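Enquirer: I would like the entire structure built from these sequences, with the hints used as guidance.
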Amino acid sequence: MSGHADTSRRGFLKGVGAAWAFPMVWTGRTRGAWAPSERIRLGFVGVGGRGTENLKAFLKRPGVEVVALADVDANHVAAAAKVVEGAGGDPAVFRDYRKLLDDPSVDAVVVSTPDHWHALATVDACLAGKDVYCEKPLTLFVAEGRRMVEVARATGRVVQTGSQQRSDKNFRLACELVRGGRLGRIQEVRVLLPKVNFSGPAVADSAPPPELDYEFWLGPAPDRPYNAKRVHYLFRFFWDYSGGQMTNFGAHHLDIAQWGLGRDDSGPATIEATATFNKDHWFEVAETSRIEYGYDDGVKLVCLQGEGKGRSVEFQGERGTIGVWRGGIEASDPEILKAKPGEGRTPLYVSDDHHRNWLDCVKSREKPICDVEIGHRSATVCHLGNIAIRTGRKIAWDPGAETITGDSDAAAMLSRPYREPWKLPEAPEGPTTARAVGRS
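Residues in the sequence shown are numbered from 1066 upward in steps of one, following our numbering.
If you are wondering where the hints come from, they were derived from the structure by calculation, not from laboratory data. Please note that a few of the clues may not be correct.
So the derived label-pair ranges between C-beta atoms look like this [unchecked claim]:
1) Asp1474 x Gly1249: 35 to 43 angstroms
2) Thr1341 x Thr1468: 24 to 32 angstroms
3) Gly1153 x Ser1429: 26 to 34 angstroms
4) Ser1331 x Pro1274: 40 to 48 angstroms
5) Ala1269 x Ser1429: 49 to 57 angstroms
6) Gly1393 x Glu1431: 40 to 48 angstroms
7) Asp1167 x Gly1114: 20 to 28 angstroms
8) Ser1271 x Gly1249: 56 to 64 angstroms
9) Asp1361 x Gly1249: 14 to 22 angstroms
10) Thr1341 x Ala1293: 22 to 30 angstroms
11) Ala1269 x Pro1490: 15 to 23 angstroms
12) Gly1373 x Ser1429: 37 to 45 angstroms
13) Pro1290 x Glu1491: 31 to 39 angstroms
Everything numeric in this text was worked out from a predicted model, so none of it was measured. C-beta: ideal position from N, C-alpha, C; glycine also.
Expert: Following this line, the structure appears as structure tokens:
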């Protein structure tokens, strides 16, 4: 795809449909010319709902300059460009994210695409010398995650997963207390996920709207006709692109369960599940589910989706319970929460701002609080739950080898083919040098 420039933004905003008639890039007139060495110049890949939320969040952080945007939906990218311009920026705008990655003024990228694009966009960015903030869930299937870790390590890139509960003081406190033994031996962890929030009923397939490059939106996903209720937010309820609330909220709450159990580099040993599905087939993923994970030390993790209310994550131990959710934490005995570090409380990585933590690590080259390996392991727990749901069988998982044992059909679901011509690149061989950021 060529980098054909369009200098009339006003004309574009009046007729976004016509804009997709040619490859497009808007080039900021002044971007990069004045950037001091301490600035980090960001590009955004995917600027729909969550992408724009991330865009607004990063625009508030000192030391950030948003220099480029990419999205296959012209309406999304036009609205995002207005946000950046309203903050005093002048971003280049692309339809093809690979053109954004070719831009040498971009230091790092924020990936907020649908899930089926996370791995490819992140790997491509790492290979282009860009650090990455990638939304959760990090992957669509397990094998993608290991490749992402390999590429990030081989290229020396800083990759943060957007599991922002890691940067919440209440979730951190709960995990510090559990890891410090305040509850004694942990017996069970309970995780609650919300109901499916699909906007029904289903609609018939149709021609894609003119503002959307649907072929590019599909990318590595299977070739299917356009359907208005399979794209944008609702993509998350179809297996081709996502994994329902298991990978949506499960990527948050199961991540905290893993953190509290000290399993950031590991995972469960067994998984079994039951589920219900929408009787009218509006969507494919489970409508409700109960998944039980067994760990090799005897801890049981029960994940209930759409079947209960209460604390998002609850740790139950010999000496009591701790429940935590967005905005609150409580324990069976209030004294449990008063433990000091070293006295029933193990200090963990401290981050009070998930976006800022990544920016700081881009400069320091340290690992962020939700490094790519952690994001991969937490997403894996979600994917294993969905595999148990889809097969209806108990799954035996070897977290060291990252494979399902004794069930070849289930093991085959750890990977999926990409639609031609898309391919997930392999990690480069030999040493690479981390590129400096904020160049003048």
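Enquirer: Evaluate each hint against the coordinates.
Expert: Taking the hints in turn, this is what the structure says about them:
1. Asp1474 x Gly1249: 35 to 43 angstroms: holds (40 angstroms)
2. Thr1341 x Thr1468: 24 to 32 angstroms: Once the Cβ atoms are compared, 29 angstroms apart, the range 24 to 32 angstroms for Thr1468 and Thr1341 holds.
3. Gly1153 x Ser1429: 26 to 34 angstroms: holds (27 angstroms)
4. Ser1331 x Pro1274: 40 to 48 angstroms: Since Ser1331 and Pro1274 have Cβ atoms about 45 angstroms apart, the given range 40 to 48 angstroms holds.
5. Ala1269 x Ser1429: 49 to 57 angstroms: holds (52 angstroms)
6. Gly1393 x Glu1431: 40 to 48 angstroms: Roughly 30 angstroms apart at Cβ, these two residues miss the hinted range, so it is violated.
7. Asp1167 x Gly1114: 20 to 28 angstroms: holds (26 angstroms)
8. Ser1271 x Gly1249: 56 to 64 angstroms: holds (58 angstroms)
9. Asp1361 x Gly1249: 14 to 22 angstroms: holds (19 angstroms)
10. Thr1341 x Ala1293: 22 to 30 angstroms: With Cβ atoms ~25 angstroms apart, the hint holds.
11. Ala1269 x Pro1490: 15 to 23 angstroms: violated (37 angstroms)
12. Gly1373 x Ser1429: 37 to 45 angstroms: holds (41 angstroms)
13. Pro1290 x Glu1491: 31 to 39 angstroms: At 32 angstroms between Cβs, range holds.
Hint compliance for this structure: hints 6 and 11 are broken, all remaining hints hold.
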